[in-house]
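**Student:** Sequence:
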Amino acid sequence: METELERNKDLVRLESEEIGNKGNLDIIDELFSVDIVRHFLPDGSQTKGLEELRERIAHHRKAFPDWAEEIKLIVAEGDYVAIHWTSTGTNTGRFRGSPPTGKRIQTNDMSIFRIVDGKIVEQWLLPDVLTLNRQLGLIPQSP
Numbered sequence: 312m313e314t315e316l317e318r319n320k321d322l323v324r325l326e327s328e329e330i331g332n333k334g335n336l337d338i339i340d341e342l343f344s345v346d347i348v349r350h351f352l353p354d355g356s357q358t359k360g361l362e363e364l365r366e367r368i369a370h371h372r373k374a375f376p377d378w379a380e381e382i383k384l385i386v387a388e389g390d391y392v393a394i395h396w397t398s399t400g401t402n403t404g405r406f407r408g409s410p411p412t413g414k415r416i417q418t419n420d421m422s423i424f425r426i427v428d429g430k431i432v433e434q435w436l437l438p439d440v441l442t443l444n445r446q447l448g449l450i451p452q453s454p
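Residues in the sequence shown are numbered consecutively from 312, following the numbering used here.
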């Protein structure tokens with residue numbers, strides 16, 4: 312019999328596969344609570360609610376239409392699931408105000424999800440923004 316921890320990990324795997332890899336925004340209502348709060352840790356911003364989340368993800372998918380994620384590690388405890396994953400993609404659309412660079416990126420990222428009653432209610436997203444911006448040529452490489 313599958314435990315709640317395994318169900319929670321499966322939910323996060325499904326989120327990564329359907330949204331991260333396939334860009335399937337139609338599944339957002341199924342996976343996330345209507346009151347979802349997504350914390351973007353690099354700048355302290357938050358995305359609140361399904362529509363805002365859908366808009367943020369759509370913007371990202373337009374900037375990196377071939378975006379893909381590969382979960383490297385997944386751990387669950389209580390209502391929380393933590394993942395470490397590798398992201399890849401090619402920047403062919405505007406991204407955070409910058410024109411497309413045509414460059415391919417690969418970053419190592421982490422996220423923590425809080426799951427209640429089978430839905431993601433909160434997420435703390437920690438992408439490697441420094442590496443991403445360096446690979447896009449938006450900031451200089453380290454010497």
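These are calculated hints, taken from the structure and not from any lab test.
For glycine and all other residues, C-beta sits at the position ideal for the given N, C-alpha and C.
Keep in mind that a hint or two might mislead.
Label pairs and their calculated CB-CB ranges [to be verified]: (1) H395 x R318: 17 to 27 Å; (2) T401 x E328: 12 to 22 Å; (3) G448 x P353: 27 to 37 Å; (4) M312 x L449: 17 to 27 Å.
Here are the simulated DSS-like pairs of lysine-lysine, each with C-alpha atoms no more than 27 Å apart in a straight line [what the hints assert, rightly or not]: (5) K333 x K430; (6) K359 x K373; (7) K373 x K414; (8) K414 x K333; (9) K359 x K430; (10) K414 x K383; (11) K333 x K383; (12) K430 x K383; (13) K359 x K414; (14) K373 x K333; (15) K373 x K383; (16) K414 x K430.
**Student:** Run every hint past the structure and note whether it holds.
**Tutor:** Hint check results:
Taken as a hint, the range 17 to 27 Å holds for the pair H395 and R318, whose Cβ atoms sit roughly 20 Å apart. With their beta carbons about 20 Å apart, T401 and E328 fall inside the hinted range of 12 to 22 Å. Judged by the Cβ atoms, the range 27 to 37 Å given for G448 and P353 is violated: they are separated by roughly 18 Å. A C-beta distance of roughly 49 Å is found between M312 and L449, which places it outside the suggested range of 17 to 27 Å.
For the hint linking K333 to K430, the alpha-carbon distance of about 20 Å falls within 27 Å, and the restraint holds. A distance of roughly 20 Å separates the Cα atoms of K359 and K373; the hinted pair therefore holds under the 27 Å criterion. For the given pair, K373 sits about 14 Å from K414 by alpha-carbon distance, which is consistent with the 27 Å threshold. Distance restraint check for K414 and K333: the Cα-Cα separation of roughly 20 Å lies within the 27 Å cut-off, and the hinted pair is therefore satisfied.
Our distance criterion of 27 Å between C-alpha atoms is met by K359 and K430, whose separation comes to about 15 Å. The suggested pairing of K414 with K383 holds, with an alpha-carbon distance near 23 Å, which does not exceed 27 Å. A hinted pair counts as satisfied when its Cα atoms are at most 27 Å apart, and K333 with K383 qualifies at roughly 18 Å. Distance restraint check for K430 and K383: the Cα-Cα separation of roughly 22 Å lies within the 27 Å cut-off, and the hinted pair is therefore satisfied.
At most 27 Å may separate the alpha-carbon atoms for a hinted pair to count; K359 and K414 exceed this at roughly 30 Å. The hinted pair formed by K373 and K333 meets the criterion: a straight-line CA distance of about 13 Å does not exceed 27 Å. About 25 Å separates the Cα atoms of K373 and K383, which keeps this hinted pair within 27 Å; it holds. About 35 Å separates the Cα atoms of K414 and K430, which puts this hinted pair outside 27 Å; it is violated.
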